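Undergrad: When you get a sec, could you build the whole thing from the sequences and use the hints?
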Amino acid sequence: MRHRFSLILLASFFTILVIISCGKDGDTPINPAAPTPTIPTSPSTTDLDLSTVRSDIATNLATGIIIPAYENLKANTDELAASVELFNNNPTEANLVAAQTALKNSWLAWQSASIYMFGPAESVALRKSLNTYPTDVNQIAANIQTGDYILSSLANQAAVGFPALDYLLNGVAAGNADITAQYRSEVDGQKQYLTDVANDIKTRVDQSLNGWVVEGENYTATFTKADALGIDIGSSLSTIVNTIDLHFQRFVRDGKVAIPAGIRSAGVPRPKAIEALYGGYSVELLQASLSAYEKMFLGIGANDMDGAGLYDYLVAIDAADLAEDMQAQFDLAQLAADNLSDPLADQIDADLDAMTNVFIEMQKIVVLVKSDMASLMGISITNQDNDGD
Amino acid sequence: MFRVLFGFMMLLSIIRFWYKGWIFEQYIYPDFYFTYYGFPWIKPLAGDGMYTVFFIMGFAALSIMLGFFYRITSVLFFLSFTYVELIDKTNYLNHYYFVSLISFLLIFLPAHRYFSLDVFFRPSLKLDKVSAWTINIIKFQLGIVYFYAGLAKLNYDWIVNALPLKIWLPAKTNVPLIGWLFKYKWSATLFSWCGALYDLTIPFLLLNKYTRPLAYAAVIGFHIMTAMLFQIGMFPYIMILSTLIFFPASFHQRIIDLFPKITTPQLQIKNRPSRWKNISKYALITYISFQLLFPFRHLLYPGNLYWTEQGYRFSWRVMLMEKAGYVVFHVYDPETGKMEQVNNYQYLTKTQEKQMSTQPDMILQFAHFLKDKYQAKGFLQPQITAESYVTLNGRRSKAFIDPTVNLLEIEEGWGHKDWVLAWE
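As they're listed, the protein sequences go chains H and C.
Be aware that the first sequence starts at 1, since it is given in our numbering, and climbs by one per residue.
Be aware that the second sequence starts at 1, since it is given in our numbering, and climbs by one per residue.
List of simulated lysine-lysine pairs, DSBU-like, C-alpha gap at most 30 Å: (1) Lys272/H <-> Lys350/C; (2) Lys20/C <-> Lys128/H; (3) Lys417/C <-> Lys398/C; (4) Lys398/C <-> Lys295/H; (5) Lys371/C <-> Lys364/H; (6) Lys183/C <-> Lys225/H; (7) Lys350/C <-> Lys364/H.
Rather than coming from a laboratory, the hints here were simulated on the basis of the structure.
These figures come from a predicted structure and were not determined experimentally.
TA: Structural data, given as structure tokens:
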């Protein structure tokens, strides 16, 4: 009896094997699963090799979006270093304004590049070194006074990068006339520090870009090679989704909005914790950041070229509705951010609710990324074995 | 033979675990550990203590493999392994549970009395025959793992919707050999059905001596495939080697004979249980009934098991669902009017956050952990609510925990969690 039962089972196994081999040359695949309304319904017209889609996305990300973002950042930080040098050699108000403008442009360009904190950027600790804020004014003063500092050290993380330059170029005195006067009369320490910080930024950006380009260390090849086209840890898709998950939450939602708004500090706002405290263009930076995230999601790169992005991947896995909702949510977050006005510190004082609204819209993005999108893509936000779910 | 392979695989697992830095990541770095209900007193050791534990575990695994002071080292292995697993349920894996159970069983089996260093040093220990139950209990345990995993697959999403494989497989088109299959939408259904069929039938096919060779080929095929498709670590290899126990003693003898020097008469299996002690009989019955019944405890709870996860762990539910979520804790103090949203990542690792976001008992534990943190921050009478969203098998995410419930008023326990919102 048991013997016969086993035979039947074996027979069915073989039947299945036959079906599999039919599938190999059969060109009319069937779709036996009847989708229920709640499940992403399939157009089921074409069967798709998703690794091709992932390959397109990885290539577009690397060559169409990330490298141009770093090139743009480099152009700006080169300009920044040059204008700082010029101002140091000839401290006039006009030269100060030029340096301030170069800083603002670099900082805006950074918002696009800052999304990609893996690979080359990670190995030079780019985010920590370029954009740790609030900046530590006392540490900067101490460094200038002693003249004895290693900018790359952990202790100096809050004394370097754009926020430090923000203080040195916009905050050391009230008004451009006084700032210029200070550099004109000042001992060499402050000038030297200004130059060193600007060059530190430039060097790290150069290294990051060099890490990506084909003529350099060619991380692009690592990012787009066949091995990286799966969805496991280390694949390009998993890397990008995990990076977004982490950085969007911590440094965009929390850093730019939640922390200054007091959402992490018992409702007590911390207006001094904003990005670009002295320059006073925090809202512009936030808008640039949100816009950069949406463009990355859509696959839009330099010169507004629309290539393959996460949006297209969602469409490919029959989740066009989620893709559209996510795009809409990115738009909503930007609309909410448009209701803020610079300087952000004043905004926080005057109308905190507008800030909270931005936070709420950004929180919805986090849910969509972390829960809906990652789950549908089969990406795990972790790095351990997992059999439970 | 089973002892040798088991010891070997465990040693390998431990080395892998160590090498990947997981000791630090999982047992030293976190501020907070999700303990098991009833075991809140199990805590990781400070400093390098955890490395010591893993070293002991590795040494015990090696000793089990060699059959060296087996009685002591098998107990040592069971205790150290289970201790580590009980520290944090974030890291719960069915196969860790399986390892704990097997190592528990091994303590009582005379697995060292043949082909071991113990016998080499004390030949009087040698035993050519063992009671049938000592082998059968391992077979039983393996059978349960498969059969229950198969039963769990018999649900609507798995069979009819081919979920979650429909989500996972199409992403795997770059896998060698079988990747091309996943372009086709029917492949998910095919694999769902084959998977369920495999799990349900494999124990029986392995038991039957006619189907055994083919069944074992299926075991190898199935587990190699899952190893290629999913990040499930050592489990496939452990199962491939463990299921060798279904082969008769003569088969194992032939493998043992491959090793030079140790020449011994063939191991035979006694069919009558020894009259060792009545206690062992009852212990065995208890163990077996527990294994049979415990996985069904979810029947006692209302609601969708996959949604509420009441009775999900320790029930051989393997790779059954795609679930992810996000939870925000709101802390409010009516006394002072203070309000704050918690930064989960400040206290939890990524993995802990992920696991917690979909499991109500962990959400509850974390809320209670936060209570102390916030009292220290000056929240006099904190109330903690959870705003959470969960997606199950690719459906759009939905509210998970009742956002109006103050989690601090709820205690951990076996009772039904009515503060988890309904699934449909």
